[in-house]
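Asker: Residues per chain are reported as follows:
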Amino acid sequence: MGRRTLVAWKKVCNREFVAKVIFIVSASAAVLAVGLICVFLLVQGLPAMWDIGIVSFLTGTDWRPTWTPPLFGILPMILGSLYVTVGAVFFGVPVGIFAAVFMARFCPPYLYKVLKPAVNLLAGIPSVVYGYFGMVVLVPFVRGHIGGNGNSILTASILLGMMILPTIITISESAIRAVPEEIYEGAVALGASHERAVFFTVLPAAKSGVFAAVILGIGRAVGETMAVRMVAGNQAVLRMPHEILSGTRTLTANVVIELGYAADEHRQALIATGVVLFVFIMGINIAFSMLKKKDGL
Amino acid sequence: MNKFILEGVNLWYGDFQALKGIDMEIPANKITAFIGPSGCGKSTLIKSLNRMNDLIEGCKVSGNILLDGESINGDTDVNALRKRVGMVFQKPNPFPMSVFDNIAYGPRTHGVKSKLALGEIVERSLRDAAIWDEVKDRLKKSALGLSGGQQQRLCIARALSVQPDVLLMDEPTSALDPISTAKIEELVITLKKHYTIVIVTHNMQQATRISNRTGFFLLGELVEFGKTNKLFSLPKDKRTEDYITGRFG
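Line order of the protein sequences matches chains A and B.
Per numbering that gives the first Met the number 0, the first sequence starts with residue 0, numbered consecutively.
Per numbering that gives the first Met the number 0, the second sequence starts with residue 0, numbered consecutively.
Calculated directly from the structure, the hints in this document are not laboratory data.
If you're wondering where the values come from, they're calculated on a predicted model, not measured in any experiment.
Please note: incorrect hints may appear among the correct ones.
[To be verified] Straight-line C-alpha distance at most 30 Å; calculated BS3-like pairs for lysine-lysine:
{"id": "1", "chain 1": "A", "residue 1": "Lys206", "chain 2": "B", "residue 2": "Lys139"}
{"id": "2", "chain 1": "A", "residue 1": "Lys206", "chain 2": "B", "residue 2": "Lys229"}
{"id": "3", "chain 1": "B", "residue 1": "Lys139", "chain 2": "A", "residue 2": "Lys292"}
Just chain A, with the same shape it has in the complex (with noise of 0.2 Å):
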């Protein structure tokens, strides 16, 4: 071995750059994941869009995918994600909010060292448990006080608003908490009482955090698929907003139901399904991430 390939040798084996390498994979792994599900959600999904046309596939109300010809419509599940995610905002939200106050700026301690546990565990519930307490808590309830067979949208937005509680409540609590202690005491020194000086200072002040933590939360509402697929009938039909106690089908049940089965052109329709529910949950993500820079969170 030349004396020159020695040293090259040497270099390569040396640590730090064996380390840097390893880093380099590890953190493109994750880039290059999400870059090989675009790719291959689009290769695969955009044809099929293409050949039933983007305008009625978007805005078709009709999804028969067994007819001959077959109607690949999703706008009823468009709207299905639509309904159950702003009902998973309009139940989530407010106690989320209020929940991270609480947590932030009145909890005693000793509440406090059984609510976050508490809040991360159910961050951590696997959703087929979530959809297991729907299917035989609020399914009953719901038919029993409320109306209708129970596999509604409005059975599963209040699920989906209990499972994005735990993403509201930690973002929101650490916005709540970043806010200058000086904000809180110049409110306190007017003469302001906690309360006022928490909910009409430190609160506004934390606005950007928290309209990052219910854009979060979106997300997770609109990417929910197995609680969601358990409670909410699962019905392709087109809903007007006031049917919130028949059954509707979100764009991610529609997928999980009918993949199994389908071939071809119906197959390349769930997968188009796929790219419109990838192109949602981007939108979500990047409002997501100029809050965030905004908040300097």
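Since the structure of chain A is provided, determine the placement of chain B on it from the hints.
Answerer: Same frame as chain A, but now just chain B:
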């Protein structure tokens, strides 16, 4: 006439005694300065005057603090107390909202709702704090866009908005440049006509320039308290002399 009378005030943070038997009379419509090295208790004392010390965990106070002859200890309504005894902090702390809303916050807190009344209060407070001309065209814009000196005068205006009797200032110019400092000093002197002012300062020249009375604190004790020109020209205590001639601190 005395605004505040302090009788044997002791204060502890947990086991640490930060103030030791402070007796003091703070005259109305005068500027009283607290000086002393870091950790001497001067900021602690000013914060006891509007009970901001309540926010610190483990803080205990004994002795008597009288405002216009009435004790402010125990079950006094602290929100009403803080309305009467306003405070300006070391670092300008405008709320992240518009200039107008910053000033209107205090009056709104105390129940003023009418737009007209709020507008009048905002203008009066900003004029009194000598910042009206600089911000009158940008009342709806965020207060965070102002310079540090403007922010501090805005905070003074905010404190004035609830028409306090007393204005406590905790090193209000320590984060500011000399020009902004001069503006604030000038302002403070004009304010004493209507308000009793207590100012904590690290800057002895500032105390001589603006204050009528000065108290020198050391290790939690009030070493010497008297007319400013006397305290600086003929200090009675050796420690005061050492401090003001720059031998320590």
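Asker: Evaluate each hint against the coordinates.
Answerer: Now for the hints, and whether the structure bears them out:
1. Between Lys206(A) and Lys139(B) the CA atoms are separated by roughly 18 Å; this keeps the pair inside 30 Å, and the hint holds.
2. Taking the CA atoms of Lys206(A) and Lys229(B), the gap is about 52 Å. The hint is violated against a cut of 30 Å.
3. A C-alpha spacing of about 24 Å is found between Lys139(B) and Lys292(A), which places the hinted pair at or below 30 Å, so the restraint holds.
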